[in-house]
Structures are given as C-alpha cells and as structure tokens.
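S.K.: The opening position of the first sequence corresponds to residue 1 in the working numbering, with each subsequent residue numbered one higher.
Because the hints were derived from the structure by calculation, they are not lab data. Just so you know, not all the hints are guaranteed correct.
Claimed, not checked - Below 27 Å or equal to it, Euclidean Cα-Cα: the simulated BS3-like pairs (lysine-lysine) are:
no. : residue 1 : residue 2
1   : Lys230    : Lys61
2   : Lys302    : Lys386
3   : Lys76     : Lys52
4   : Lys386    : Lys230
5   : Lys479    : Lys106
6   : Lys386    : Lys436
7   : Lys302    : Lys19
8   : Lys19     : Lys230
9   : Lys114    : Lys76
10  : Lys421    : Lys386
11  : Lys114    : Lys605
12  : Lys479    : Lys520
13  : Lys106    : Lys76
14  : Lys479    : Lys468
15  : Lys386    : Lys274
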Amino acid sequence: MNLQDLNAPQQAAITCIDKPCLVLAGAGSGKTRVITHKIAWLIEQAGYSPGKIRALTFTNKSAREMRQRIVALLDKKNAKGLHISTFHSFGLAILQQEYDQLGLRKSFSIMDSKDVESCLTELTLRTGNDLDFVKQSMYQISRWKNEFITAAQALQSADTPILETQAKLYEEYQQYLLACNSLDFDDLIMMPVLLFRQHAASLLKWQGMVHYLLVDEYQDTNTSQYEIIKLVCGTRQKFTVVGDDDQSIYAWRGARPENINRLQQDFPSLEVIKLEQNYRSSSRILGAANALIANNEHLFEKNLWSAAGPGEFIRVFPCKTADEESNQVAVDILSRSFQSRDEFQQFAILYRSNFQSRAYEKALRDHSIPYQINGATAFFERQEIKDIMAYLRLVTNPDDDRALLRIINTPRREIGTATIKTLANYAKNRHSSLAKILKELGLQESLSRRAWIRLQGFADFIDEMRIKADQLDALNFTKYLILELDYEDWLRDTCNSQKQAENAIENIVELTSWIGNLQKQQEEPSLDKLVSHLSLMSILENDEDKKDQQAVQLMTLHAAKGLEFPHVYLVGFEEDSLPHHQSQDAAGIEEERRLAYVGITRAGKTLTLSYAKTRQRFGEIQQCEASRFLLELPEADLEGAEHVTSKLSADEKKQKGLSHFADLQTMLGTRDQKADAC
DNA sequence: ACGCCGCGTATTTTT
DNA sequence: TACGCGGCGT
Numbered sequence: 001m002n003l004q005d006l007n008a009p010q011q012a013a014i015t016c017i018d019k020p021c022l023v024l025a026g027a028g029s030g031k032t033r034v035i036t037h038k039i040a041w042l043i044e045q046a047g048y049s050p051g052k053i054r055a056l057t058f059t060n061k062s063a064r065e066m067r068q069r070i071v072a073l074l075d076k077k078n079a080k081g082l083h084i085s086t087f088h089s090f091g092l093a094i095l096q097q098e099y100d101q102l103g104l105r106k107s108f109s110i111m112d113s114k115d116v117e118s119c120l121t122e123l124t125l126r127t128g129n130d131l132d133f134v135k136q137s138m139y140q141i142s143r144w145k146n147e148f149i150t151a152a153q154a155l156q157s158a159d160t161p162i163l164e165t166q167a168k169l170y171e172e173y174q175q176y177l178l179a180c181n182s183l184d185f186d187d188l189i190m191m192p193v194l195l196f197r198q199h200a201a202s203l204l205k206w207q208g209m210v211h212y213l214l215v216d217e218y219q220d221t222n223t224s225q226y227e228i229i230k231l232v233c234g235t236r237q238k239f240t241v242v243g244d245d246d247q248s249i250y251a252w253r254g255a256r257p258e259n260i261n262r263l264q265q266d267f268p269s270l271e272v273i274k275l276e277q278n279y280r281s282s283s284r285i286l287g288a289a290n291a292l293i294a295n296n297e298h299l300f301e302k303n304l305w306s307a308a309g310p311g312e313f314i315r316v317f318p319c320k321t322a323d324e325e326s327n328q329v330a331v332d333i334l335s336r337s338f339q340s341r342d343e344f345q346q347f348a349i350l351y352r353s354n355f356q357s358r359a360y361e362k363a364l365r366d367h368s369i370p371y372q373i374n375g376a377t378a379f380f381e382r383q384e385i386k387d388i389m390a391y392l393r394l395v396t397n398p399d400d401d402r403a404l405l406r407i408i409n410t411p412r413r414e415i416g417t418a419t420i421k422t423l424a425n426y427a428k429n430r431h432s433s434l435a436k437i438l439k440e441l442g443l444q445e446s447l448s449r450r451a452w453i454r455l456q457g458f459a460d461f462i463d464e465m466r467i468k469a470d471q472l473d474a475l476n477f478t479k480y481l482i483l484e485l486d487y488e489d490w491l492r493d494t495c496n497s498q499k500q501a502e503n504a505i506e507n508i509v510e511l512t513s514w515i516g517n518l519q520k521q522q523e524e525p526s527l528d529k530l531v532s533h534l535s536l537m538s539i540l541e542n543d544e545d546k547k548d549q550q551a552v553q554l555m556t557l558h559a560a561k562g563l564e565f566p567h568v569y570l571v572g573f574e575e576d577s578l579p580h581h582q583s584q585d586a587a588g589i590e591e592e593r594r595l596a597y598v599g600i601t602r603a604g605k606t607l608t609l610s611y612a613k614t615r616q617r618f619g620e621i622q623q624c625e626a627s628r629f630l631l632e633l634p635e636a637d638l639e640g641a642e643h644v645t646s647k648l649s650a651d652e653k654k655q656k657g658l659s660h661f662a663d664l665q666t667m668l669g670t671r672d673q674k675a676d677a678c
C-alpha cells in the first residue's frame, strides 16, 4: 500500500494514529478512501491485529461497501477478523454476550417499528387510544432513548401533562418489552451504554476487544451513540471519526451534529483535519452547492473546491404537470444516454419522499428504460416475511408475544379474537407470556372444547418446531417450517391475484437463501443469532442480481448520501416537497437545505432540477411553486429557469426567497451577521 | 369466524 | 388514488 495517490490532508488523516482524530470531510473529498486506507495502514504499518479494529457505519450498505474496498486494498488474510458493522449490529453483538447483566434472557427478539407501534397501541387501549397520540409517543420514546434518558428520568423531568403521560407509557412499554424478552432498535444502542455504565467488568472486556475505533458519518451520531464511542475508547483514546456537518440530515431521529464540537472538549488532544478538495463534481455543480449551503449556520468553516472544469450548466425543467415532469426526465435520460454513451446506472433520480418514485417508475417503464429502486417497500415489512420471521422468533424466544399474536391464526387455524382474548387474560393473571401457558389446565377450563383443541393444535405445532430447530441447521429448519405450514399453498389461496402469490413465494425463497448465506458467514450460526441479525438487515438493498443490470437508480435523498452519479436528476424541487411541508421551522429549513445540498453534491458531470406547477395529491389538483432553494443557486450557472429568476429584480428575489421563513427578523439577523464576518 | 364492502385517511426521511 | 381498518352480514 502506498500513500502517493492521496493528497496531503488525506495522508495526514491516515497516518495520525497516536492522537484521537477528527476528519472533517466535505462532500466528494474522498472520505471513504481515507477510512479504508487508514484501516489498511493500521494493519500493515502500525501492527494492529485486524480483529482489534472496529469500524462503525450507519447503514448495512456502507458497511458492505467499506468491507469490499478494504478487501481490495489488503491481502484477503489480512482482512480476516476485521469488524465492520453498523452501530446497531455492534450493539447487538455486545448484548448477545452480556444480555444476562441487563435482565434479558438468551434469544431475545428485536422488534421493528411496526411491532413497536402495535405494542404502544395496545398499551394505550384503555385510555381511549388515538392513533396520532400513539405515533407522537413512539417518536418521543425514541427521542428519549436516543438522548440516553431512562423512563425514570423522563418521568422526573416531564413538565407537561402530555410528557408525563408519555413518560409513564415509556415505563410501561419497557416493562412489556422485558416481559417479551424483546428490544427495539433504539435499545440496541441505549442498552450497551447502560450496561457499560453499570458493569465495569463488561466495559473493560469490550475495551480490550476494540483497540482502534473508526466511525463513518460521525455527524449523524446521537447522544447514546456518542456515549458508546466515548466509553469504548476509554482511556486508550485511539479513534478516528469522519464527518461533515453540512451533510447532517438525521436530526429528526436524534442525530446531534454538535457531537463534532463535543469531541474537542472531551478529548483535548484531538487532531482536526479538513478535507476540502472535491474530486467528484464539476466546479459549476460544486459552486451551486456551496452557494446554497452558505445560507446555513456552520459549526466549522470549510472551503470546498474542485480542480475540475466548469462543466455543463445546471439545467432546470419547469413543468406544467407532474406527468410532464416525469416524462421529460425519462425522455432526457434516454437522449443523454445515447449522446454520452453513459450506461443507465450512471443516472440517478433523487426525490424527497418515497411515494414520489411511482411517477418515475411509470415513465421509465413507458420508455422501456430499466430502473432499480433503492428502498422500495422494505423487505421486512412484507406480510409473508413478517409471518415467517414471527415463527422463527417465537420458536427461539417463547416470550415473544408479538410474534405469537401475529401467527397464531396464520395460516388459518380457526382461532378467533374471543379465544385470543381469553388466552391473553389468563396469561396476564399468571404473569406469564402467552406461549408458556398454552397447555395449562386452568386455561382449558375457561375455553370451549373446540377452541381448546384448536389451541392445542397450535401449541403442539410450535413444540414440534422447537424440537426440529435443535436438530436441523437454520437453513434446513426454515425450509422445513415453511413446508410443514403449507405456507406456499396458503399464500396461493389467500392472495388476490396469482401474481401477488408468486411474488410472495419469491420473497420467501429470497429469505431462505439469505438465511443460508448468513449461516455460512457467521462463526456461530445458531438460529437465534441469525434471526436477530436478519432483523437488522435490509435485504433488497443487498440484492446482487439487480446490481449487475444496467439500470437507472431511483432513491430518496437520504438513501443517496454517500453515493455518487455522473448524472443526477433532483426531481420534485418544489415548496412543500423540498423543503418538506412538515419541516418549516428555522431548524427544519436548515436541515432541508442540507438535504438539497446532499442531492446536488451527488452529481459529477450533470445536474438537472425539475419541478411541476400542478400536482395531484390525494386525488385533488394542487398548485405548486418552485423550491425556495432554486433562488439560492447562482443564476449564471442555471439554464432553463429564466421565468422563475429573471422576472424578479434582485431585491424581489431576496424577498421571495425569504418570505417563506416564519421568522423573517431572525433570518435577516443571521444574514447580517454573516455579511459582517466576511 | 370469516369475508365483503365502504368509508376515511394518508406522504417525510431509517436502523 | 390506494390501502387499511372497522362494521356488518352470513
């Protein structure tokens, strides 16, 4: 490995290993390169054993990509034992070893957001449950967990009646989770912190296992994640974090970009290195991005520059209707791909929210352009996948009531709501989970003969599956389970169309093949560990078959972070979409601006912004206007937006750009300050 | 216990 | 527009 093809700050970041290191990496400045080379450097030059290095990312995709790039740099055997995982998998790995310290039992389940929602709905059932309140509470509880605030602390600091109710719900919810031997996603981060604070021996053990820590997308860490980093690094202080506050787009889920500043306070010897040369975009695109983001407050001043030429103009497609917009984009992709002879996968269509993909799917299909959607209906939200996962969860974790309730009557066993209610009441009186009391005589007494017999059928089935699960490996067990359930036939019977049934069966096959893959990869492939691991994966995004195809990439702006494409179409560049109508306060607008910044900086050669003046929403036609962010881009670099920008004088433009802000005064204030600083 | 029909609400962004 | 849930009828 040599460092010659890296620039000076990149080299400095890689070779800085004696001090804690913060790398402020602007968009396209080669941050993944720095991390991968640094890992190689640690192993080959600094003598670190790969097994003692831990790199943390936020998504499975970036973890996988990082691994691939490191393997390409190193000898295969040198990369063996290297730990590259998401924060959540790291938390899971810790908890799978230390669960008993936290009152959990082996084979705990991981609940997804849907499970959490149904849990909370159930817990608030008595108090006249209002769906909106449940959603709010779910969000609030998640926030507390991200901020490392326990239920007791939440209750103590609650200063409104609503917060108090929510804090009580939080407490009830935690008890319920414990009873079900389950954790939610946020627990996977929070519980390890709790553990490390309470059990010094566990902390020492994990500090001994992680001698060097690297964190990607550091600006996205929340308080709990920051605590994990701080605790694991302990006194050794051997770590590198890489981030960019201008690309912080996860404040809504608790990300604290201020963690960048906190690092300097908590680790005074911190070495701060800035990467400011962009290798991705034409200078016109980069200039537009810089102009846009200059409207935000910054934690650190950066001066991102590109040595590339100006390149093409940034094009704007103003369209009359949404149909026209998607059509024009499709036609343009077609003609560009012919002209430039760039492959379809070099084109990306980026949008604010998932539902916007539909119009583009249709338009691309109409023009026979292959496409791939990243993050379509999540694999694990599909009914058939949830069903099988629920069986696997219940087999490995008898306390998992959510799983039992899901599959007790799927496929049909003629066990109805009345029976289930009796069962739930009985379990409640016995202080037990549902599955454990299925065979108790006391329960028999309160049920009809028919209901009891059906229930026993279910109980016997689960018992039998538990025995089989011990005898077979995970893959063969899953196959056996699906066969015994007659699940495929059931899908054919219950699906509305044959097409749907086939699709569902395909998904089931996909799931089993993933269990097979995972089984081969894992060192200790027990069923319960595979099931937990699987819950954290998003299978569609790892689909290899589709990767090879020459396909236009469709994804949300959030999903696009960390990626780059020669040709980017940023569509739906409209008020209420970007910025989203639910992010209208000052902080919200800044985050939306960063989102636009992320979108723009994905582009290498060409960037196209499009918007529609009318759009159907919920069946009704609505008027739309171009995004305020369009007015923040340098007019000289735009093409096609004349009727938006040139009709207005400079003053009017400024007015128009600002009129959206709720608090004009504040905004003008910050602008003036900025002008003074320059 | 189950299926059908009709009404009402949904659209941020993710592990 | 589309899907999900609740109510009602069998």
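S.K.: Which hints, by number, does the structure contradict?
M.R.: 2, 4, 9, 11, 13, 15
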